[in-house]
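**Q** Now for the letters of each chain:
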Amino acid sequence: MQKPRLLAVAFAAALVFSACQAQATPTPTAQPTPTPPPGETAGPTPTAAPTPTPSGGPVSGGTLIFGASSDPATLDVVQIQDGESFRIAQQIYDTLLRLKPGSASELESGLAKTWDVTDGGTTIVFHLEEGVKFHDGTPADAEAIAFNVNRWKNMPEELQGLQYYPGAVFGGFGDDSNIISAEATGDLDVTMKLKNPRSDILLAMTLIPFGIQSPKALTDHEADKADSDYWQTAPTGTGPFKFEGDFVAGDHYTIVRNDDYWDEMHPAYLDEVVFKPIADGTQRVAALQAGTVDIIDQVDPNLIPQIDGDANLQRLNRTPMNSGWIGFNQRQEPFDDLDVRMAVAYAIDKQAIVDAFFPGVGQPADSDMFPSFAAYEPGAFPGEYNTAKAKELLEGSSCPPPCAIDFWYPDEVSRPYMVDPKGEFEAMRPMLEAAGFAVTPQHKPWRQGYLTDEANGAYGLFLIGWIYDYGDPANGPGIFYSKSTAECGGVVPTGPINCEYGQENQAAYDLMQQAIAEADPAKATDLWKQTMKMIGADLPKVPLVWTFGVLAATTQVNGYVPSPTQSEYFNLVWKSAD
Amino acid sequence: MLKFIVRRLIMLAPILLGLSLVMAFFLHLLPGTPCANILGERATAAQLQKCEHNLGYDRPPIVQWADYVVNAVQLDFGTSFSGARLPVLDAFLQRFPATIELTLAAMLFAVGVGIPLGIAAAKRRQSLLDGAATVVSLIGISIPIFFLGLILVYVFGVWLHWLPAGGRFDLREFDFKGAGTNFLLWESLVIDRDPAKFLDVVGHLILPGITLGTIPLAFVMRITRSAVIEVLNEDYVRTARAKGLSARRIDSRHVLRNALLPVVTVIGLQSGLLLGGAVLTETVYSWGGVGTWLFTAAVDKDYAVIQSGTLLLASVFVLVNLAVDVSYAFLNPRIRYA
Amino acid sequence: MSIAQLEMPAQSAIVSRGLWRDAARRLRRNRAGMVGLVLIALFVFVAIAAPLIAPYGPNVGRIQDKFLPPSPEHLLGTDLQGRDLLSRILFGARSSLYVGLLSVSIGFGVGVTYGALAGFIGGWIDFWAMRFVDIVLAMPGLLLTIAIVVWLGPGLDRIAFAIAVGNMPIFARIVRSSILALKESDFVLAARSMGASSPRILLAHVLPNALTPVIVQATLTLATAIIDAAGLQFLGFGDQDPGIPEWGAMLTDTFRYIQAGATFTALFPGMAIVISVLGFNLLGDGLRESLDPRLKR
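Residue numbers (numbering that gives the first Met the number 0), protein chains in the order written: chain A, 0 to 577; chain B, 0 to 337; chain C, 0 to 296.
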């Protein structure tokens, strides 16, 4: 036990170097570029490997064991919401467009070789790759793509709640959907017509919930029914890996190389990838150190020294795309008073929270956007650590000390922006009490009520955050401050009321709608900055941290390009000998 | 004997029926329905209502129960709605072999160490060995199982790298997609005839087996000790000794045979308990058995799994207890069941 | 199922009047039992005197001081929140004692009443009452407790209740079998022939004698209750207020960071559990040996 630690010191420098390199992989550009693609440019190559090994280039073969945090919930892509399902689906399916490995907003071709956007952004024609076949041998032609797109629009109602992404990106289903139609206008041409333009629509097409699945497999297994066995027995795409029957719930999910992968530039190196669910974060690290798995995700930041101190391990950092904050509901007492919200903002020592829970992976935040976004407006949300000021504000507010408040945090969850909700609450409680608050802890399991209650505006003060799907404000504030589609505790909102924050700022809402639809990046940026100033003045939240996710792997793992959006392509990964 | 077994099997029916009724009302008490899980976090109240109606969760619990029983009799135990959405029976059959193998390892450890230790302690009462055995058994039942598991994982898995820290086999080297029984010991040895694979599976069983086997070890050791002490005091043993029979002969012919009875009972009862799922051990070793399965189901309020999983495990438990009673009668001809 | 049940047939519950005096004398001579008693006394003392003997309050600390190594100011170092680990362990004795006592009181109260009534009334009522006990016992143990905690929500009292539900049938069974044996015993038959009423017989004659094996069981159940509560805390079910120190939760939290600053201090909350549980197990064994003359060495 002592010896490896001493050894670790010698290797520390090398590891720090490799970690920095991993972090230095492409940072997201501020704006999406919905311009036509460069055509046949060289795509991602394995040279993008974060740790080039001296032994030379990639080698084929081998099995990669991925220590996942849970079983996948589903591999029918339209229903996917959770990260573990995202990860496996990403290897089995292809999307029409892809993100450049490691990027949050640079588009690359996928199943669509090229595409044209016309009619002010309401008509998109995808020109497909030729000769692509699904794993079941059926052709991935224009008909198959149109079948998939139409499925995003038309779904039985009792299943619609399951399909977060199709619903969120296209604003609903059936007649509510932003999709007017999708048709095969040639063997290899698909035309998608939209009601309204949306500046981030092409970026959204890179998300795996819009992956393309075999119409035959979907139909044969009645995937549109609630009790379908489609994903456990026949998840069928065009991706570099395929399902071969080896899923054992709770134990492992194995996918194998697709030897007939259509993208000849990027066939998989690995023979097999196995996803092994290990729920507990500490045990994931233990499994990695013991050699049971090759790579793990969601490393608890407090365990990073353990990774860095092990000569056999490397750390892979994603670019920051996660934002955590304390939210307020402005329709709940005492948070209807701006001074009370301000007092909270001044009471919290963000730096101490970051140091304790996000060492090396986060920094104190002053916005729910990132400084790397062009639309980022510094100081839009007021507040810095100053207990005296907090106390003063509270004394002059409608809720003088001791001001009794409920502090809500979720159980049974760990998110990159909220690694240890209970611990963070415990750390913030003394800070709030020093400012004159009397804090009562309140908590609920994440998936059993917390999220729904929070979205319905049941909580006055709560811990929450966001993982961006891609680098565009439409995917952040554009969702947080929109009129809620959910009911506010049974009352369907009529005006621009956001249930979650109880915010009623018509001017800010109107401005934001303009920003979302604006096609000119410069103009959109300007609109977003104005919007954020108006929203920030209401202080709907206290931004706490910006964080990035951390993966850890053995040094044998090469070519893994961490992506801020978690669109990580395992066909680029290869394993070197010991 | 046969009559006794049949009668006990018939008794199984009201117990299971009663259990399912208790479970049905318990689930009715839980707030919400599985629809919240089926539809995900963003479903509207209208969608929830529709889903509940479609799946019949808006009916009175007694009607739901009757419906459940009718289906269960036809071996349709419903479908899990969280995690991997499998029919409950399939999920159970996939998980239960892992639990059986874990139980087997734990009981092998408990019996293999407990019986010799118990005999040795009984024969040298009040000796250092006896004291040590008592302390071991006391600590065995006094240490939280997850604490022991965590220590073993860190010492032997993470620091020393002697044994695997979790999982059922080395996913890198082997796979088990052939027979699909999920009895890995059996598959590796009998079907694949691969000694290396078998040893790998055995290696993965050692730490979880020790962790789970500590409590049964304490019980087996204690019962063996007191049973052997009792037998040693019996007249026939004294007579045998007076007749000048060798110690070994006395041990094998008289002592062990008669002391075995209560030990077998304890082994059976403990196995029955372990087969009910070892939530903590399975959690520590990321073991895909029935314990973590039901635990997740309870947290996720996965009705079908809670209801049917409990029922299936209770059946196993009752059957194991029956087997214990039968073997008891078998070993002790003095007991007769009318 | 417990050792007490296995080793102690109900017949042995037929005891004489001088039972308690004899038992106390025997217990004093039982070395293991006395060690157990001392450990429990220590445990109870710590729980009661925690505010007096703990160097800090259980929630005093700054996040900046997390995982300080042991020092004169913090004898066992600090935890993830920068709080004094020793103080939290001392205060944690309260949660353990609370859950243990509450769960055993509930389990004992309900189980003994249930089992005594069933055994004393007998007949069909007894038969069906025991089938219900069979049903509860057939459910997988800790899972039943977890399901109840999930149903009731977080809180030490709810955890105690959930653990109690799992223990009730065991108490009920033991009491019932003792009572069945006692009902046929000479002194009960004598009382009945002298015209004593049924409730009077139950309360004055049968129950006190039937209680001895249950008392042993209660002591041992205190041990398992503390362990079960720790297990629940390991799985994430603790008190509503996370500031309340609980050994199981502390052990889990510090063990998580055993290689990232918490070092060997992670072992201390675990050792606190082992020591207190050991105390109850030792005392339970000692009591059984003292109460059951058959087990004389």
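Please note that a few of the clues may not be correct.
[Unchecked claim] Cut-off 27 Å, straight-line C-alpha distance, at most; resulting in silico cross-link-like pairs (BS3-like, lysine-lysine):
no.: 1; chain 1: A; residue 1: Lys-215; chain 2: A; residue 2: Lys-132
no.: 2; chain 1: A; residue 1: Lys-532; chain 2: A; residue 2: Lys-390
no.: 3; chain 1: B; residue 1: Lys-242; chain 2: A; residue 2: Lys-224
no.: 4; chain 1: A; residue 1: Lys-388; chain 2: A; residue 2: Lys-194
no.: 5; chain 1: B; residue 1: Lys-122; chain 2: A; residue 2: Lys-152
no.: 6; chain 1: A; residue 1: Lys-224; chain 2: A; residue 2: Lys-112
These are computed hints drawn from the structure, not numbers from a lab.
Just so it is clear, the structure is predicted and the values come from calculations on it, not from any experiment.
**Q** It remains to establish, for every hint, whether it holds in the given structure.
**A** To see whether the hints hold, each was checked on the structure:
With a C-alpha separation of about 12 Å, the suggested pair A:Lys-215 and A:Lys-132 falls inside the 27 Å cut-off, and the hint holds. Straight-line distance between C-alpha atoms of A:Lys-532 and A:Lys-390 comes to about 25 Å, which keeps the hinted pair within the 27 Å bound. Pair hint B:Lys-242 plus A:Lys-224 does not hold up; C-alpha atoms about 79 Å apart against a cutoff of 27 Å. Using a Cα cut-off of 27 Å, the hinted pair A:Lys-388 and A:Lys-194 is violated, with the two alpha carbons roughly 50 Å apart.
Proposed proximity of B:Lys-122 and A:Lys-152 is contradicted: the alpha carbons are some 78 Å apart, above 27 Å. Taking the CA atoms of A:Lys-224 and A:Lys-112, the gap is near 33 Å; set against the 27 Å cutoff, the hint is violated.
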